[in-house]
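Colleague: So the chains spell out like this:
4 protein chains.
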Amino acid sequence: MIIIIRNNSDRTQVDNLINWVKGLGLDVHDSVGAKTTILGLVGDTSKVDIDLIKSLDIVESVKRIQEPYKNANRKFHPEDTIVNVAGHLFGGDNFQVIAGPCSVESEAQIIEVAKAVKASGANLLRGGAFKPRTSPYAFQGMKAEGLVLLKKAREETGMPICTELMNIMDIDLFQDVDMIQIGARNMQNFDLLKEVGKLRVPILLKRGLANTIQEWLMSAEYIMSEGNQNIILCERGIRTFEPATRNTLDLSAIPIVKQLTHLPIIVDPSHASGISELVLPMSLASVGAGADGLMIEVHNDPTKALCDGAQSLRPNMFEDVMRKVERMLPLVNKVIR
Amino acid sequence: MIIIIRNNSDRTQVDNLINWVKGLGLDVHDSVGAKTTILGLVGDTSKVDIDLIKSLDIVESVKRIQEPYKNANRKFHPEDTIVNVAGHLFGGDNFQVIAGPCSVESEAQIIEVAKAVKASGANLLRGGAFKPRTSPYAFQGMKAEGLVLLKKAREETGMPICTELMNIMDIDLFQDVDMIQIGARNMQNFDLLKEVGKLRVPILLKRGLANTIQEWLMSAEYIMSEGNQNIILCERGIRTFEPATRNTLDLSAIPIVKQLTHLPIIVDPSHASGISELVLPMSLASVGAGADGLMIEVHNDPTKALCDGAQSLRPNMFEDVMRKVERMLPLVNKVIR
Amino acid sequence: MIIIIRNNSDRTQVDNLINWVKGLGLDVHDSVGAKTTILGLVGDTSKVDIDLIKSLDIVESVKRIQEPYKNANRKFHPEDTIVNVAGHLFGGDNFQVIAGPCSVESEAQIIEVAKAVKASGANLLRGGAFKPRTSPYAFQGMKAEGLVLLKKAREETGMPICTELMNIMDIDLFQDVDMIQIGARNMQNFDLLKEVGKLRVPILLKRGLANTIQEWLMSAEYIMSEGNQNIILCERGIRTFEPATRNTLDLSAIPIVKQLTHLPIIVDPSHASGISELVLPMSLASVGAGADGLMIEVHNDPTKALCDGAQSLRPNMFEDVMRKVERMLPLVNKVIR
Amino acid sequence: MIIIIRNNSDRTQVDNLINWVKGLGLDVHDSVGAKTTILGLVGDTSKVDIDLIKSLDIVESVKRIQEPYKNANRKFHPEDTIVNVAGHLFGGDNFQVIAGPCSVESEAQIIEVAKAVKASGANLLRGGAFKPRTSPYAFQGMKAEGLVLLKKAREETGMPICTELMNIMDIDLFQDVDMIQIGARNMQNFDLLKEVGKLRVPILLKRGLANTIQEWLMSAEYIMSEGNQNIILCERGIRTFEPATRNTLDLSAIPIVKQLTHLPIIVDPSHASGISELVLPMSLASVGAGADGLMIEVHNDPTKALCDGAQSLRPNMFEDVMRKVERMLPLVNKVIR
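Listed in order, the protein sequences are those of chains Z, E, H and P.
Each residue of the first sequence is one higher than the one before, counting from 1 in the working numbering.
Each residue of the second sequence is one higher than the one before, counting from 1 in the working numbering.
Each residue of the third sequence is one higher than the one before, counting from 1 in the working numbering.
Each residue of the fourth sequence is one higher than the one before, counting from 1 in the working numbering.
These are computed hints drawn from the structure, not numbers from a lab.
Being a predicted model, the structure only gives us computed values, none of them experimental.
One or more of the hints may lead you astray.
Which copy is meant is left open, because identical chains are indistinguishable; a pair holds if it fits in one copy or across any two.
To be verified - Taking lysine-lysine pairs in the BS3-like style, the calculated list, with each CA pair at most 25 Å apart, reads:
hint : residue 1 : residue 2
1    : Lys47     : Lys143
2    : Lys324    : Lys70
3    : Lys198    : Lys151
4    : Lys47     : Lys194
5    : Lys324    : Lys118
6    : Lys22     : Lys115
7    : Lys70     : Lys258
8    : Lys194    : Lys115
9    : Lys194    : Lys70
10   : Lys143    : Lys118
11   : Lys258    : Lys75
12   : Lys54     : Lys258
13   : Lys143    : Lys194
14   : Lys152    : Lys75
15   : Lys324    : Lys194
16   : Lys143    : Lys198
17   : Lys63     : Lys22
18   : Lys47     : Lys324
19   : Lys324    : Lys258
20   : Lys258    : Lys63
Let's have the full structure, built from the sequences with the hints guiding it.
Modeller: If you want it as structure tokens, here you go:
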């Protein structure tokens, strides 16, 4: 951490600051120029409150050099983390596709879709039981009943299931789920992060729609600091000024995240654009960018989907995506296992 | 709602769509041009799923004309709502200032600040007991003990208290709080919104940092649809590309919100910029824009604030803000009562 | 175009508006509901001033249905445009790589880089002679002399050259250039667009860093409406809140642009991120997304590059990018010719 | 400038970098920690190419401490600059209102509006002769003829005139204009900036719609480095995700700009929102934020405005804005002279 001292600051106050910083167990390098005094803090600065230092009268600005996350930091854990979801591996040279409908609607629907996506090569089944919806008047999901149907589909097909948890009070219902999704709107629901941090089930942590990569990794750190290291990140589009797509899929985030952390990262190309024709090209683009997997919405009859219909593929379109993704994987040294 | 049909669509499919829409209890105006067929849906379209219609093959685009919120909509409730917080009124020609520290730190601190801001003219006391922090290693607030200290400060000064609720599981602790704040990161924590909708205590609903005005009003609608009409909106800055301020205070939102809804709206100029020198000019700007009040962080010793230090004013700076705000209020026909 | 009339508007004023619109040669469909009157304008609305209509007291909102561009619109020109740059084709199933240094610095440098990128498979040479720089104190390019050196490199290698024009007054110097680049900062320099519209040389039109896809296509329309149909679009990243990359490469723009227009589109993965390690993954991602080509910065010695050094590859890294891109092209049915 | 060296970098390479930096005439403070080596560059770093240093293999990151602008920097010029536009002062405790139509349309129109806004208290007349329009099919202004009409209005009313220059080739036509506007889309048209830098006429430099405050000040620096110190900045809204307003007026920019530079800054509340009802509240908000003036569109008959109609006030609404602004000015210690 670098602290830039204001010109003409009182030296005693600067010394007080230096002593306070040393009291936190850090070394301070003091670099006095003709016009500028710079303090370089050396040691573990992850617990230093940058805003507090900024508020001091003698401080012009503070710049963090070290990343404020530790468990998630690749510097301290250079090898890729491999997350095992009921026998399917994420990370390293593994590639996984999670597919299924936006919402669970009925036993027939979820089983039919599960069989279809399995036949095309998806290894995991997704489906929303609890749905975060912008409007209180929109369908909010089948809730507990939806979880029961997902488990029936798992029984029928052998596919592990992934579904979203929105509320700490529902956590007991999710004990038997294979991967718990934390949605974009809950990426900074810190109490929820701490609770899933106490579990050992893999967590799919979606990026908030206006959150920086650093904030995202800090949310992973919340989970990891409670003990759960089984985290898979999921890029799903950020909010920008461009109205042609619902969100802007930030694929540059993938190689950046790979540099910063050892955790696997997948892409959800369905939600980002909100346009089903974009799922194929953005899936291939995600593979090219180095993603460890995809999460794709598939519906047996998109015109009847109760939510997010515009972004759902039909099974035959999904089959096409899978075949093209598979042809591309050897070029990036990835394998679906 | 307007549905634009794709050129050369099959007429039978268009008729099926028309019949389906009529089945929802809506009238359909069918406007067939040489190149374009347009369907105008007339009636209460707030429950129509726009994404579902967009997903149909015959549909080029769908545009909503009516706002999807009803309880919050000024069209159906033209007069300003006045929210009464323990005798202090928000909305109409009333102006209120809520002040206090970012976090409650000790009995002495909260009481000292409360007395100081009351002496300067603030009517309500703010202070964080449960703190949402980006880092798991940062101070997370005094929690239940902080609430106890806030209530002591209320007893001591007679000021109603406003503090943030982050977690449904803590809701019982907030029964006796005068105004519950829902923070920016929880603006779309829909389960939390529903829970506070069941209370009758006034809710201060902060705008999410990447949420549109319409999404914000939909979150108000979540609370109102459960029965709680006592909502005060709070603009606190949105996320943009500009790095000079932490967030960009969107003051145009104030007159826009006033057109769209009857709910009162205040501004938090402290969090938006993260720079204490900006609190005075942005407070006066907020008054000029038509805000119904301000929420300002004040700390007895900013260099010791445990969080968000950079944006906290000292009591003497707050006194200056209050005197200037008061001189300005008659120009916008507002009164602190 | 759809005009939503305010509730309770005076019918005479509505009729006046209808007559005025008809006077523009358009048909009007009048749809009167219990609460809402909607006018549907049918015909060529590209010349209708949407802001003028919005300003009328009786108008609540106006929504455009047809795209305001014609020459660039795929609806009126369904087949892909193929742009021929000195024998190298852009669009359709063709794929092209343009490579070279950020700035031309010396004869030796530009010839060395040109030979290296040609050996790796690039068909066109790029290099900046006139450089747009944020700071007046930064190197502004070799200007006319740089153009001379570029032409020497063309003579030496046979590669067509692409370089940026910033100023109408320099246009004569560019007569012999094979492809003229209009940079992101000049995407809405409308006088410059009109001037290059009068030429027949192919134009590489970069997307402005905060411009929507529609604005970008309107800028193409400026060029086309003057007669020059030889336009290649170039996505190079947009400005967002994310600080980890200089800009956010918007790869979803590629399939969207392909739907809206018949013009070819390539990607510049070097400028978007500002990080040379990202060039390879983002190049592969661009191919996956359906791009018609790439523009990549390559420098013989990045540590000596006079500008934009951080994003320049060395020739051996470029060789690696080319080999991997080539292996991927068959999967998206593209060929380098 | 601070350079963070990568862990385990070769010391010889670090020494080479240090020597290279010293060769630029800068001092280097070398701070070697257990894990991190930090170089602090002391001296005039405005000409150091930050991107070049970032591109070095041994460099992890580079952070600028000093602002890269000098002429515009308040640190080197602490007192406010006062710009004299034909006898009317901008900056210090002066407040100025520039008003007039979006476009000059006819002699009668511009003279009528000029008289009306003068009667209400505006000191300067604005009006567009050359108009930057997104669409090539939209009205592009009366051009040279519009300038003639503006000068007639000046003769008739005595008001100095301000109008936009888009193209270097038109510069001779602007010799007699009192203040030349550089529009948002040309904020980084560097050749145009250099040309107006050679004049001594005051320049109104609008902020680009996606430009940071630092980039804006660098554009002012372009003009100043050519010799023209008569610059007035104009905030007019930035591009964000919020669709309710055309742009988001960034009023926090005003106190920030006041800290960073000595140049005056005014606000254009008309273009930012695109909604005429917002002009009054955002004008008062601008005064509260500390602006040195306003630029407001006024049209004699908004329903007939040929461009930007939605944001034009009628003269009677402008009269109301002026009376309220005047009442507010004493509170911020400003005077219209």
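Colleague: Go through the numbered hints given earlier and state which of them the structure violates, listing their numbers in rising order.
Modeller: 2, 6, 8, 14, 15 and 18
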